[in-house]
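Number of protein chains: 2
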Amino acid sequence: MKAKVYVTLKPGVLDPQGKAIHHSAELLGFSNISDIRQGKYFEISLDDAVNETEAREAAEKIAHEVLANPVIEDYRVEIV
Amino acid sequence: MKAKVYVTLKPGVLDPQGKAIHHSAELLGFSNISDIRQGKYFEISLDDAVNETEAREAAEKIAHEVLANPVIEDYRVEIV
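Line by line, the protein sequences are chains A and B.
Residues 9 to 88 (my numbering) make up the first sequence, in order.
Residues 9 to 88 (my numbering) make up the second sequence, in order.
Keep in mind that the hints were calculated from the coordinates and are not lab data.
Wrong hints could be hidden among the right ones.
Pairs involving identical chains hold if they fit within one copy or between any two copies, as the list cannot separate such chains.
Unchecked claim - Straight-line C-alpha distance at most 27 Å; calculated DSSO-like pairs for lysine-lysine: (1) Lys27 <-> Lys69; (2) Lys48 <-> Lys27; (3) Lys10 <-> Lys27; (4) Lys69 <-> Lys48; (5) Lys48 <-> Lys10; (6) Lys12 <-> Lys69; (7) Lys27 <-> Lys12; (8) Lys18 <-> Lys48; (9) Lys48 <-> Lys12.
Extracted from the complex, chain A is given alone in its bound form:
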């Protein structure tokens, strides 16, 4: 069982890395972009014995405690 975790900065939190990418993209001629924000993406492979509910619980816990900083970041968990 696999869990996908998407971590994004909360709206309103400044994203200098995204701004830098936006700037680079503009220099390279991409002119129709209004904004780029960078986030993180994790694929967690869980043991086969784990069922979907347990997988979601474990992934939510890892996302909250390890992968994201809940003060400035939001996260979303998807089980596949």
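Given chain A's structure and the hints, the job is docking chain B onto it.
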């Protein structure tokens, strides 16, 4: 119009950062994880005048040229 770009390491490419996260998660007591791989996630806001086909084209191009290293990374583009 928004494009979401997911960048992941190709299978077989070593992911030391993912390994480090896996190790930290184990130390914190998460025992049912077999692997963690880290990727990148980008949200690109495009000008409203851009239609879906153009948005996908632009996002694929940016993903290929700026956001991912196609030698070792795969990317996936989603238009929302």
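Now for the hints, and whether the structure bears them out:
1. Lys27 <-> Lys69: Classified as between; 18 Å across copies, 30 Å inside a copy.
2. Lys48 <-> Lys27: both (16 Å within a copy, 16 Å between copies)
3. Lys10 <-> Lys27: between (32 Å within a copy, 16 Å between copies)
4. Lys69 <-> Lys48: both (16 Å within a copy, 20 Å between copies)
5. Lys48 <-> Lys10: both (17 Å within a copy, 17 Å between copies)
6. Lys12 <-> Lys69: The answer is both: 13 Å in one copy and 25 Å across copies each meet 27 Å.
7. Lys27 <-> Lys12: both (25 Å within a copy, 16 Å between copies)
8. Lys18 <-> Lys48: both (13 Å within a copy, 16 Å between copies)
9. Lys48 <-> Lys12: Cα proximity of Lys48 and Lys12: in one copy and across copies (11 Å, 12 Å).
Checked against the numbered hints above, the structure violates none of them.
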